[in-house]
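A.B. asks: Let the sequences and hints guide you as you build the complete structure.
Spelled out, the chains give:
2 protein chains.
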Amino acid sequence: MKINLKHKGELFIISAPSGSGKSTLIKLLLEQVENLEYSISYTTREPRKGEVNGKDYFFVSEKEFEKMIESNEFIEYARVFDKFYYGTAKKQVYSRIEQGKDVIMDIDVQGAYQIMEKGNLDFTSIFIIPPSIEELKKRLIDRGRDSMEEIEKRLITAKNEIKYLRYFDYVVVNDILEEALSSLKSIIFSERHKVKRLVNEEEIYKHFAEE
Amino acid sequence: MKINLKHKGELFIISAPSGSGKSTLIKLLLEQVENLEYSISYTTREPRKGEVNGKDYFFVSEKEFEKMIESNEFIEYARVFDKFYYGTAKKQVYSRIEQGKDVIMDIDVQGAYQIMEKGNLDFTSIFIIPPSIEELKKRLIDRGRDSMEEIEKRLITAKNEIKYLRYFDYVVVNDILEEALSSLKSIIFSERHKVKRLVNEEEIYKHFAEE
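Protein chains in written order, with our numbering: chain A, 771 to 981; chain B, 771 to 981.
None of these hints come from the bench; they were simulated from the model. Hints are not guaranteed to be accurate.
Chain copies aren't distinguished; within one or between two, either way the pair holds.
[Stated by the list, open to error] Distance condition first, Cα-Cα at most 20 angstroms in a straight line; then the derived SDA-like pairs of lysine to any residue:
no., residue 1, residue 2
1, K833, Y812
2, K797, E840
3, K923, E904
4, K772, I911
5, K797, E821
6, K776, S902
7, K908, E980
8, K966, G889
9, K976, E904
10, K976, I926
11, K837, V850
12, K923, T894
13, K861, E948
14, K966, D939
15, K833, A848
16, K964, E780
17, K955, D939
18, K888, Y937
19, K955, F893
20, K966, L935
21, K772, L947
22, K966, E887
23, K819, D916
C.D. replies: Shown next, in the form of structure tokens:
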């Protein structure tokens, strides 16, 4: 009989200034990496074109969101730009981790910092940064989603958000997409080889002792 | 200008029961991974066929080795099977780390444990294990280097060595060579993305603040 490593699921918090290509990278990771799932966030903002409820987000009313806050259903939540709520529900994460699945939480920098400060959650955090503000500006313009006023606002936010790098476990520069993707995969795969994440350590010792 | 991550070199201690395929894996890693170098060990055993002094090992006399011990030139050393000395010289490791190069130290389990116990060295440890003792036996026989008596002795040693798994940071099962190689690469690459290993963190903040 050959031994296999069995590891505890890991929660990956992935954060980035908007326009860093985070969503594209996460999409590719989910397509290409086995046993990796996405934690769908709750939000009070309106769905954008093409966004599907229960797939991209759970779109809920402010009243519903605040009710969930009251009943302590969120791992974290934040109000972004003093406007919309975004939050991660406990039920989206914990059961999968127990099943040995890795979970990606796509979260804004403010939300990520909030989780880190609380310090009651076991996770690995990854910060994706653009190669420069100039490049970020170019991408936001190319994306054609935001007005120039909105883009300038995002760039100021991005500049502030970069300072949060120090709080993250890992950093990936998204210059060439394929390289950034490969780096993210390395980070996820390496976690699966951590001895402290093994759930079948005793089984391994037994396996070799009995032969 | 685009930002690049600059990281501090990391020392990787790779250990395994003999016959686990460690040497082959390390050879492939050194061929395929940039900025990764090998720390050449000192030993008092005779060179095996094809082994080159200053490439595979520094082959020295017992007297020379003991002189190096006295002058505190080793990070670690051990006497294996009460017979030969093996040791890692400080000069093989520290200067490369400072240059930002990752260094692989190929070391027996006893030597690895000795380093861990001392606790005065910064490193990442990787334990390579065979998929089973049966498979290990098969590989040792196929290798055709040791007598059956020697093989049985190695198997007993291997069984004992597996217990040291708990002291390592990472574990890789060498069942399919290509997969084990890929796992090792992930571990090495992921280290290069650790925020705490960055040497140009301040430069990154400055880069984004000034734009």
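A.B. asks: Taking the hints in turn, state whether each one holds.
C.D. replies: Hints versus structure:
no.	hint	verdict
1	K833 with Y812	within (12 angstroms within a copy, 70 angstroms between copies)
2	K797 with E840	neither (32 angstroms within a copy, 57 angstroms between copies)
3	K923 with E904	within (14 angstroms within a copy, 63 angstroms between copies)
4	K772 with I911	between (53 angstroms within a copy, 18 angstroms between copies)
5	K797 with E821	within (14 angstroms within a copy, 48 angstroms between copies)
6	K776 with S902	between (39 angstroms within a copy, 16 angstroms between copies)
7	K908 with E980	between (61 angstroms within a copy, 17 angstroms between copies)
8	K966 with G889	both (19 angstroms within a copy, 18 angstroms between copies)
9	K976 with E904	between (56 angstroms within a copy, 14 angstroms between copies)
10	K976 with I926	between (56 angstroms within a copy, 14 angstroms between copies)
11	K837 with V850	within (18 angstroms within a copy, 66 angstroms between copies)
12	K923 with T894	neither (29 angstroms within a copy, 42 angstroms between copies)
13	K861 with E948	neither (32 angstroms within a copy, 37 angstroms between copies)
14	K966 with D939	both (17 angstroms within a copy, 7 angstroms between copies)
15	K833 with A848	within (15 angstroms within a copy, 67 angstroms between copies)
16	K964 with E780	both (11 angstroms within a copy, 17 angstroms between copies)
17	K955 with D939	both (15 angstroms within a copy, 19 angstroms between copies)
18	K888 with Y937	within (13 angstroms within a copy, 29 angstroms between copies)
19	K955 with F893	within (16 angstroms within a copy, 22 angstroms between copies)
20	K966 with L935	between (25 angstroms within a copy, 10 angstroms between copies)
21	K772 with L947	between (37 angstroms within a copy, 14 angstroms between copies)
22	K966 with E887	between (23 angstroms within a copy, 18 angstroms between copies)
23	K819 with D916	within (13 angstroms within a copy, 68 angstroms between copies)
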